[in-house]
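All chains, please: the whole structure from these sequences, using the hints.
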Amino acid sequence: MSTSYVSNTQPPLALRCPLRGSRLIEASAGTGKTFTISALYLRLVLGQIAGQDNELDFPRALLPPEILVVTFTEAATQELRDRIRARLVDAAKAFRHELADPDPIITALCEQTPTDQWPGCARKLEIAAQWMDQAAVSTIHSWCQRMLREHAFDSGSLFEQTLETDQRDLRAQVVRDYWREQCYPLTGQALDWVAQNWQTPGALLQKVLPLLQEETASQPQSLREILAGLLAERDRALQQMKAPWTQWLDPLVTFYEHSCEAGAFNGNKLKPAIFQPRLERLRQWCETPGAELSFRDGTGKTGYFKRFTHEGLQDARKKGVVLELPHAVQHALDDMETLEQRLEELPDLQQAALRHAAGWIAERFEQEQRRRAQMGFDDMLKRLDVALQGPNGKRLGEVIRTQFPVAMIDEFQDTDPLQYRIFDAVYRVAENDQDTALLLIGDPKQAIYSFRGADIHTYLRARRDTAGRHENLDTNFRSSQAMVDAVNRVFDLAETNNAQGAFHFNQVGDNPLPFLSVKANGRKEVWQLQGVAAPALSVWHLSADEPLTGEAYRQQMAEHCATAMVDLLNAGQRAEAGFALPGGPVVGVKPADMAVLVRTGREAQCIRRELAVRGVRSVYLSDKDSVFASLEAQDLLRWLRACADPGNDGLLRAALASASLGLSWAELERLNEDERYWEQRVDQFHGFRRLWLRQGVLPMLQQLLHAFQLPARLLQQSDGERRLTNLLHLAELLQRAARELDGEQALIRHLHELLLNPGDSGAEEQILRLESDAELVKVVTIHKSKGLEYPLVFLPFIGHSRPADGKKPLWLHHGDTRQLNLAPDDEAVVQADAERLGEDLRLLYVALTRARHACWLGLADLKRGRSDKSVLHHSAIAWLLTGGEQVQQPAQLADWLRAWEEPQTIAVVPAPEVVGTVYQPPALAPVTLRERQPEHPAFARWWIGSYSALTGGHDTDYFADDKEDIFAPIRPGETATMHRFPRGPQP
Numbered sequence: 001m002s003t004s005y006v007s008n009t010q011p012p013l014a015l016r017c018p019l020r021g022s023r024l025i026e027a028s029a030g031t032g033k034t035f036t037i038s039a040l041y042l043r044l045v046l047g048q049i050a051g052q053d054n055e056l057d058f059p060r061a062l063l064p065p066e067i068l069v070v071t072f073t074e075a076a077t078q079e080l081r082d083r084i085r086a087r088l089v090d091a092a093k094a095f096r097h098e099l100a101d102p103d104p105i106i107t108a109l110c111e112q113t114p115t116d117q118w119p120g121c122a123r124k125l126e127i128a129a130q131w132m133d134q135a136a137v138s139t140i141h142s143w144c145q146r147m148l149r150e151h152a153f154d155s156g157s158l159f160e161q162t163l164e165t166d167q168r169d170l171r172a173q174v175v176r177d178y179w180r181e182q183c184y185p186l187t188g189q190a191l192d193w194v195a196q197n198w199q200t201p202g203a204l205l206q207k208v209l210p211l212l213q214e215e216t217a218s219q220p221q222s223l224r225e226i227l228a229g230l231l232a233e234r235d236r237a238l239q240q241m242k243a244p245w246t247q248w249l250d251p252l253v254t255f256y257e258h259s260c261e262a263g264a265f266n267g268n269k270l271k272p273a274i275f276q277p278r279l280e281r282l283r284q285w286c287e288t289p290g291a292e293l294s295f296r297d298g299t300g301k302t303g304y305f306k307r308f309t310h311e312g313l314q315d316a317r318k319k320g321v322v323l324e325l326p327h328a329v330q331h332a333l334d335d336m337e338t339l340e341q342r343l344e345e346l347p348d349l350q351q352a353a354l355r356h357a358a359g360w361i362a363e364r365f366e367q368e369q370r371r372r373a374q375m376g377f378d379d380m381l382k383r384l385d386v387a388l389q390g391p392n393g394k395r396l397g398e399v400i401r402t403q404f405p406v407a408m409i410d411e412f413q414d415t416d417p418l419q420y421r422i423f424d425a426v427y428r429v430a431e432n433d434q435d436t437a438l439l440l441i442g443d444p445k446q447a448i449y450s451f452r453g454a455d456i457h458t459y460l461r462a463r464r465d466t467a468g469r470h471e472n473l474d475t476n477f478r479s480s481q482a483m484v485d486a487v488n489r490v491f492d493l494a495e496t497n498n499a500q501g502a503f504h505f506n507q508v509g510d511n512p513l514p515f516l517s518v519k520a521n522g523r524k525e526v527w528q529l530q531g532v533a534a535p536a537l538s539v540w541h542l543s544a545d546e547p548l549t550g551e552a553y554r555q556q557m558a559e560h561c562a563t564a565m566v567d568l569l570n571a572g573q574r575a576e577a578g579f580a581l582p583g584g585p586v587v588g589v590k591p592a593d594m595a596v597l598v599r600t601g602r603e604a605q606c607i608r609r610e611l612a613v614r615g616v617r618s619v620y621l622s623d624k625d626s627v628f629a630s631l632e633a634q635d636l637l638r639w640l641r642a643c644a645d646p647g648n649d650g651l652l653r654a655a656l657a658s659a660s661l662g663l664s665w666a667e668l669e670r671l672n673e674d675e676r677y678w679e680q681r682v683d684q685f686h687g688f689r690r691l692w693l694r695q696g697v698l699p700m701l702q703q704l705l706h707a708f709q710l711p712a713r714l715l716q717q718s719d720g721e722r723r724l725t726n727l728l729h730l731a732e733l734l735q736r737a738a739r740e741l742d743g744e745q746a747l748i749r750h751l752h753e754l755l756l757n758p759g760d761s762g763a764e765e766q767i768l769r770l771e772s773d774a775e776l777v778k779v780v781t782i783h784k785s786k787g788l789e790y791p792l793v794f795l796p797f798i799g800h801s802r803p804a805d806g807k808k809p810l811w812l813h814h815g816d817t818r819q820l821n822l823a824p825d826d827e828a829v830v831q832a833d834a835e836r837l838g839e840d841l842r843l844l845y846v847a848l849t850r851a852r853h854a855c856w857l858g859l860a861d862l863k864r865g866r867s868d869k870s871v872l873h874h875s876a877i878a879w880l881l882t883g884g885e886q887v888q889q890p891a892q893l894a895d896w897l898r899a900w901e902e903p904q905t906i907a908v909v910p911a912p913e914v915v916g917t918v919y920q921p922p923a924l925a926p927v928t929l930r931e932r933q934p935e936h937p938a939f940a941r942w943w944i945g946s947y948s949a950l951t952g953g954h955d956t957d958y959f960a961d962d963k964e965d966i967f968a969p970i971r972p973g974e975t976a977t978m979h980r981f982p983r984g985p986q987p
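468 is the number that this note's numbering gives to position 468 of the sequence shown; each next residue is one higher, with no gaps.
Among the hints, a few may not be true.
Stated by the list, open to error - Mimicking DSSO-like on lysine-lysine, the simulated pairs with C-alpha atoms at most 27 Å apart in a straight line are: (1) K33 <-> K784; (2) K207 <-> K786; (3) K242 <-> K306; (4) K271 <-> K301; (5) K306 <-> K319; (6) K242 <-> K207; (7) K590 <-> K301; (8) K306 <-> K524.
Simulated from the structure, these hints should not be mistaken for lab results.
Owing to the predicted nature of the structure, the values given are computational and were not obtained by experimental measurement.
Now the structure itself:
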């Protein structure tokens, strides 16, 4: 047995982590989180060693159904289940002396266990491995659903409930109920306000959707009462503001006219053409009940009434002119100084009305779900949480703890407050009960899913609740030493130089999210260029005389990046760029070794286009894009409409002219000129309709694809593989939906609704599928890349940022709670942008740690729109460089980047020169096709027997002669009842 584990230093966390009480394990990127979880699972299955009382171990051995392992995706649960099963099998072999080289953890467990107990340990592990199909490894949603079903009495839920993955129809119905019950009775100003601000139930649904993510309680008042009260209060306040202006307007007109006539003002700054429309807007505001007063001009700029303030008036007067202001004008200018602010402080009808609607809709929606015995994904968590917080919650928690005495929560940084409240109610995190164990495993530096509700503040709360019970995985097993050193250097410098730390997370002098450097133990092979070890992190600096626009930056960096990738691939074919073990040959770099990480689909399209121009094929992976948002989905709808009604010339012509069919202009013109050819197409689509009715939509669409030779034609295009994959994906989804829909028109309506709101249901099945598993360059969104690794990573657009603005509602944190601000002010926008920057920094950390050997960053100074001011300081990379200092001169960025430079680790170089080099993939060896030959032994011969032969004793002849013809004629006198038996020895 191998003895690779040597305990001359602190043993690995998997061996020393206590398996009692609540504990937080922080696992930085690449530090073996899944390996550690499976190792802890081994210890739980083995239990305490007989005769020893180890306070670190759980008091008894557990079986897989008693160990709860929770993660956040179905794919992750399957991977965890397989990894744990494989680890159990390996450990069982090791205890039976059947594993030549076990890993260090298994070796240490064997060494700690007396040899006479090894057979018993092997048996435990074998039983656990065989029981893994019943293991409690699941997503949090499926686990909550299971708890509600298995503990229906204690949770107060129904025994049988239907899981509804798409609840849009029910939600829309509830909103229409709200509209009928609350909006129909309105009259007067309230009705006018609803008609102006909400218009339709559909528009109301879009406005109220974000609020439905909050825990909103319904209000006893009706919408009519709320609007009436707020409108009355608003009218009173407006009347008080307008009353003096009705007396000031005429003196203002007189003053400005006389002053202009006297030449008191600069004509470019103040003249009748400027002040008259402004005074007219004020007059209309005074005369119209409840009217809004806009302080913006026609282009949207603020300061429309600047010349009606003291400062603006003094700025407009000519030098040496002394203005004598009448009392009315003086009061008007004083009032204008604060008028905009006072108008903003008026009662907010929109916020109050939307919160009323959200509370009513949420309550009615829950009632409808219970009436139908339905629930969605989020309802699983809400109902279990309600049960745990209810009067019977204590007993329910005890029952769950008895069922699962140990729980491990993977990817805990993606937990939201509701999920944490469930686990805290069951396992009482802060109380640290030693009879159970709760292990929270995650990395706050990789908390990047706030758009899905994940909340890093929940992780920080758990860190406070488990104070003194923290563990860290501090060795990276994914990346090379140079790559780990490069990432450490970048974030260590930012941690040291920035008061708010590397991740822009400082609360009153305390940084709850520090960057801790990790060690490396990952890769023996070395990334080489021209036979010399190459830098792990390369920064391409694109210098320019002035900042670039976002579009120019994106286009230029895509060209530079694609050129560099082609150069590396061509060098890889000459064995001048690749990976080599010490003293070994160089394995040239291939397209499959490369990944380009992006933020948006536009960035992905840009780099893929440049790669295609240079002969490099790529695939795009995203975890957001819905197949129903594709062009192919729209064309498929046209095809279905034409197939359902081939006699409708308009529908058929729209289908034949669709981009996916790709008919030539000449062929489309022939449809207009050749009547017989048109009739052939009509008959063809009648055939499609008959096939649809008889066999279903999937066979029909497959025949349509082949009838128009789409697979062959699409695969000749640069994006044809992507488009063909989308068509097959859509056909499969429609076939599945057709099982629950009645008729072709219902299916067409279903597809049309999905096209109107693609991805609204959040169904994982709608996400674009990978179009090819060939050895191609991967273009991946950073969110999708989390948990993955690639030999070489390119980040050409990492300087981009999207600062928060107040044009839409913003999610903000107030302590540990997260709330939606429907009307954000400047202070709220600043806070939201700070939180956005924090998440961008964590996203950058995820991107940098995907690389095994090397990573390239593309940087340039950026501007927005026509402005000449740099906006690079809004980006995460600028925060790491200088703490978000704004670039003042073009040369500053290069100076800042030099602080990162370090030999063999980080290199700052100009962006590679764009050339027209094309990648020539190596020619594939010719493949000779031949039929497969069976490798199994020949099957036993068969013979024909009859009842007459069997009763007459003649059957022995059939067994005696193995070469007898099994199809020999029946003997005379035999009956016609025949049986076929295998020849050979018979019992």
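We went through each hint and held it up to the structure:
1. At most 27 Å may separate the alpha-carbon atoms for a hinted pair to count; K33 and K784 meet this at roughly 18 Å.
2. A hinted pair counts as satisfied when its Cα atoms are at most 27 Å apart, and K207 with K786 does not qualify at roughly 31 Å.
3. For the suggested pair K242 and K306, the alpha carbons sit about 19 Å apart, so the restraint of at most 27 Å is met.
4. A threshold of 27 Å between alpha carbons decides the hint, and for K271 with K301 the separation of about 19 Å falls inside it, so the pair holds.
5. With a C-alpha separation of about 19 Å, the suggested pairing of K306 with K319 holds against the 27 Å cut-off.
6. Taking the CA atoms of K242 and K207, the gap is near 31 Å; set against the 27 Å cutoff, the hint is violated.
7. For the given pair, K590 sits about 53 Å from K301 by alpha-carbon distance, which is inconsistent with the 27 Å threshold.
8. About 68 Å separates the Cα atoms of K306 and K524, which puts this hinted pair outside 27 Å; it is violated.
Hints 2, 6, 7, 8 from the list above are not met by this structure, while the remaining hints are.
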